[in-house]
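Enquirer: These protein sequences, in sequence, are chains H and C. Taken in order, the first sequence gives residues 0 to 425; the numbers are from numbering that gives the first Met the number 0. Taken in order, the second sequence gives residues 0 to 203; the numbers are from numbering that gives the first Met the number 0.
A couple of the hints might just be wrong.
Derived pair list, reagent style DSS-like, types lysine-lysine, alpha-carbon separation capped at 30 Å [claimed, not checked]:
| id | chain 1 | residue 1 | chain 2 | residue 2 |
| --- | --- | --- | --- | --- |
| 1 | C | K14 | H | K318 |
| 2 | H | K369 | H | K55 |
| 3 | H | K318 | C | K27 |
On the chain C side, residues computed to face chain H include the following (Cβ under 7 Å) [said to hold, decoys possible]:
| id | residue |
| --- | --- |
| 4 | V34 |
| 5 | S38 |
| 6 | N43 |
| 7 | E86 |
Derived coverage of chain H by chain C (criterion: at least 3 residues anywhere in the stretch with Cβ under 8 Å from a Cβ of chain C; other residues may be distant) [what the hints assert, rightly or not]:
| id | segment |
| --- | --- |
| 8 | 81-93 |
| 9 | 237-247 |
| 10 | 325-339 |
Treat the hints as calculated values from the structure; they're not laboratory data. Idealized CB from N, CA, C, for every residue including glycine.
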Amino acid sequence: MADIIATNETILVVGGGISGMTAALEAAEFGKQVILVEKSPSVGGRVGKLYKYFPKMCHPTCGMEINQRRLKMNPNLRLLTMTEVSSVEGEEGNYSVTLKTAPRYVNENCTACGACGDAVEAEFDNEHNYNLNKRKGAYLPSAMAHPQRYVLDPAIIGTPDATKAKEACKFDAIDLEMQEQETTLTVGAIIWATGWQPYDAAKIQPYGYDRIQNVITSVEFERMADPHGPTGGKLLRPSDNAEAKNVAFIQCAGSRDRNHLKHCSRICCMASLKQTHYVEDAYGDEGKSTIYYIDIRAIDRIDDFHQKVKANPNVTFTKSKVARIDENKGNGNPILRGVDTEGYHRYDNEHDLVVLAVGMEPSVSDFPVKVAVNENGYIEQDESNGGIFAAGCSTDALDVNRAVQSATASALRAIQVVNRVAGSEG
Amino acid sequence: MASDAINYYRNNFLKEVEANVEEGAWVKMCMQCGVCAGSCPLGNAWEHTPQKIFMMIRAGKRDEVLSSDAMWMCTSCYNCIARCPRELPITHIMHGLANYAHRLGLAPKNQPTRKFATMFWNNLTKKGRVNELKLGIALYFMNGLVNGIKVAIKAMPLGMSMMKTKRLSPMEILGGHGIKDTSGFHAILKKAREIEDAKMKKFD
Ligand SMILES: Cc1cc2nc3c(=O)[nH]c(=O)nc-3n(C[C@H](O)[C@H](O)[C@H](O)COP(=O)(O)OP(=O)(O)OC[C@H]3O[C@@H](n4cnc5c(N)ncnc54)[C@H](O)[C@@H]3O)c2cc1C
Ligand code: SF4
Ligand code: SF4
Chain H
0 MADIIATNET ILVVGGGISG MTAALEAAEF GKQVILVEKS PSVGGRVGKL
50 YKYFPKMCHP TCGMEINQRR LKMNPNLRLL TMTEVSSVEG EEGNYSVTLK
100 TAPRYVNENC TACGACGDAV EAEFDNEHNY NLNKRKGAYL PSAMAHPQRY
150 VLDPAIIGTP DATKAKEACK FDAIDLEMQE QETTLTVGAI IWATGWQPYD
200 AAKIQPYGYD RIQNVITSVE FERMADPHGP TGGKLLRPSD NAEAKNVAFI
250 QCAGSRDRNH LKHCSRICCM ASLKQTHYVE DAYGDEGKST IYYIDIRAID
300 RIDDFHQKVK ANPNVTFTKS KVARIDENKG NGNPILRGVD TEGYHRYDNE
350 HDLVVLAVGM EPSVSDFPVK VAVNENGYIE QDESNGGIFA AGCSTDALDV
400 NRAVQSATAS ALRAIQVVNR VAGSEG
Chain C
0 MASDAINYYR NNFLKEVEAN VEEGAWVKMC MQCGVCAGSC PLGNAWEHTP
50 QKIFMMIRAG KRDEVLSSDA MWMCTSCYNC IARCPRELPI THIMHGLANY
100 AHRLGLAPKN QPTRKFATMF WNNLTKKGRV NELKLGIALY FMNGLVNGIK
150 VAIKAMPLGM SMMKTKRLSP MEILGGHGIK DTSGFHAILK KAREIEDAKM
200 KKFD
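Hey, can you work out the whole structure from these sequences and the hints?
Expert: Pasting the structure below:
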């Protein structure tokens with residue numbers, strides 16, 4: 000990676016989700032030199048794993064595709080995938096950062112023809128589908144992956160599968176000798192856009208995510224609804240692959256709860272409202288959704304989305320935090336037990352499938368550099384951070400709209416820093 | 000006009016609970032999510048779940064709350080405390096409310112848990128040690144003579160084996176064992192009660 004040129008007028012963006020891509024593009028299109036590093040083999044982050052976006056119900060592909068094109072076209076922007084930051088030293092206007100790039104074992108010659116994938120046999124959990132199905136040991140991370148380049152799973156290196164993959168490639172794109180690389184660069188400002196991760200649902204003991212097959216999470220439901228997902232877009236329950244027509248959504252699963260995440264994750268009400276559409280789209284009037292909630296927080300201008308769902312006779316709203324879930328051993332149905340706050344009625348409701356609207360927590364808890372974080376672990380805008388800024392869901396639980404706004408703001412802040420450097424040196 | 004509205008919303012009962020009930024200051028933190036109500040193993044056996052009691056306190060329903068049997072039905076299983084997203088010490092508040100209602104003489108007269116708790120307290124404070132024989136007998140006959148004999152006969156094998164293993168002495172019937180300084184103990188209890196009474200705030 001000797002060809003990377005970076006100076007203290009360069010901006011480093013860490014994390015290639017929608018926020019990191021936006022921050023990097025804004026700065027690069029403004030004329031700044033930008034290096035964007037992404038831990039996984041392709042950009043897009045969690046948005047790439049959504050089926051549709053609220054509030055417009057369009058596919059994430061559209062917004063993402065534009066960003067990918069902007070990324071490809073911009074000469075000021077350098078993307079490094081499978082790369083993480085291992086250390087940061089220095090100060091605003093002059094940081095020395097060390098990057099570690101994991102071997103992909105596939106070089107630029109790759110045309111994504113898929114011959115290596117066909118040739119290998121070993122299968123692994125598919126991260127893109129939250130491990131709901133398997134992928135091959137030579138794989139394209141997702142259909143719309145950018146870069147469109149295969150990856151070899153490090154677990155097949157040294158096995159006959161690796162040789163098979165290499166022999167199958169007609170373009171000499173597979174390089175089994177690739178090693179981890181370490182690069183040290185100088186940059187003037189850094190933007191953290193490492194995003195969020197779903198709260199570990201198994202920790203919410205009474206909901207039995209770890210025990211009851213037909214209790215899944217909202218992020219898994221997104222994958223299920225997607226035609227590229229593990230069920231080919233069918234809403235099927237895991238225990239018996241039966242059609243899930245009577246779906247329960249449990250709000251605040253791990254959020255607004257001092258035993259779990261204290262904060263409101265802010266997007267999960269909207270996510271469940273959106274997902275009731277998936278149920279109706281799949282099964283028409285036979286598709287019934289019930290939302291169990293404390294209160295619905297459909298933030299500001301998107302409340303009309305909430306009102307429309309509320310008016311839908313196929314969607315029931317039950318004001319209650321579900322106390323616990325048991326399993327009907329006969330048919331695998333989860334049984335939700337609790338008390339309805341409106342009227343204090345006790346219920347024991349059976350559903351085909353339960354979707355936990357899990358909370359969002361920061362994906363990184365151990366930054367390689369000192370940054371100010373709030374009590375929920377999100378990065379604070381703070382003077383003590385110097386030339387280090389944060390964008391998107393590393394600052395708070397945000398929807399895409401707000402994440403992108405925050406990314407633009409962080410790009411502006413970083414530009415000011417490198418402009419100051421340029422001014423004092425100019 | 001303005002003061003009418005303020006008076007309408009001024010809720011003395013919430014303030015009273017905050018001042019006089021153990022852990023009462025937590026009541027206002029409840030967000031009415033309903034998890035405690037659904038988690039209580041006895042929840043369907045009583046009229047008011049913790050969630051409902053807390054809302055009634057905030058709605059100023061003093062008589063209904065203090066005469067409710069709900070607080071007396073709590074078995075201290077702690078399910079509600081473990082699950083409450085706001086970490087309210089629900090079990091303790093329930094017992095605090097029971098105790099407060101009892102002190103004011105408003106608790107339901109024939110509530111069995113209350114009767115037993117009173118018996119237990121009187122038995123314990125007499126000599127500073129529980130007289131299990133007397134307590135057991137009193138418990139058996141709590142609901143009348145005939146019922147008491149029936150229960151006592153049923154429990155006889157247990158009593159006999161407790162005696163064999165020296166967990167229960169028949170001599171206790173003659174007065175029973177106690178602590179060394181009973182009058183000192185009574186003075187402590189009296190002082191504690193004085194302190195508690197002095198702390199109690201008046202509300203109208
Ligand atoms: C169930 C669900 C449904 C949702 N639906 C919608 C919706 O319909 N509409 C909407 O507006 N929002 C929706 N959201 C919210 C949306 O997912 C987020 O707003 C969005 O993902 C934020 O993007 P981000 O770039 O900040 O973070 P992320 O998407 O998490 O991206 C972070 C990126 O950083 C990378 N990274 C992480 N750590 C490192 C590291 N150490 N080094 C390098 N790279 C790293 C990650 O691999 C990832 O690519 C939904 C959320 C959930 C939970
Ligand atoms: S957005 Fe809704 S479901 Fe998510 S934490 Fe907030 S209130 Fe709960
Ligand atoms: S669980 Fe806690 S917050 Fe929820 S209703 Fe009960 S006391 Fe209130």
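Enquirer: Each hint needs a verdict: does it hold in this structure or not?
Expert: Verification of the supplied hints:
no.: 1; hint: C:K14 - H:K318; verdict: holds, 28 Å
no.: 2; hint: H:K369 - H:K55; verdict: violated, 38 Å
no.: 3; hint: H:K318 - C:K27; verdict: holds, 20 Å
no.: 4; hint: V34; verdict: holds, 5 Å
no.: 5; hint: S38; verdict: holds, 4 Å
no.: 6; hint: N43; verdict: holds, 6 Å
no.: 7; hint: E86; verdict: holds, 5 Å
no.: 8; hint: 81-93; verdict: violated (count 0)
no.: 9; hint: 237-247; verdict: violated (count 0)
no.: 10; hint: 325-339; verdict: holds (count 4)
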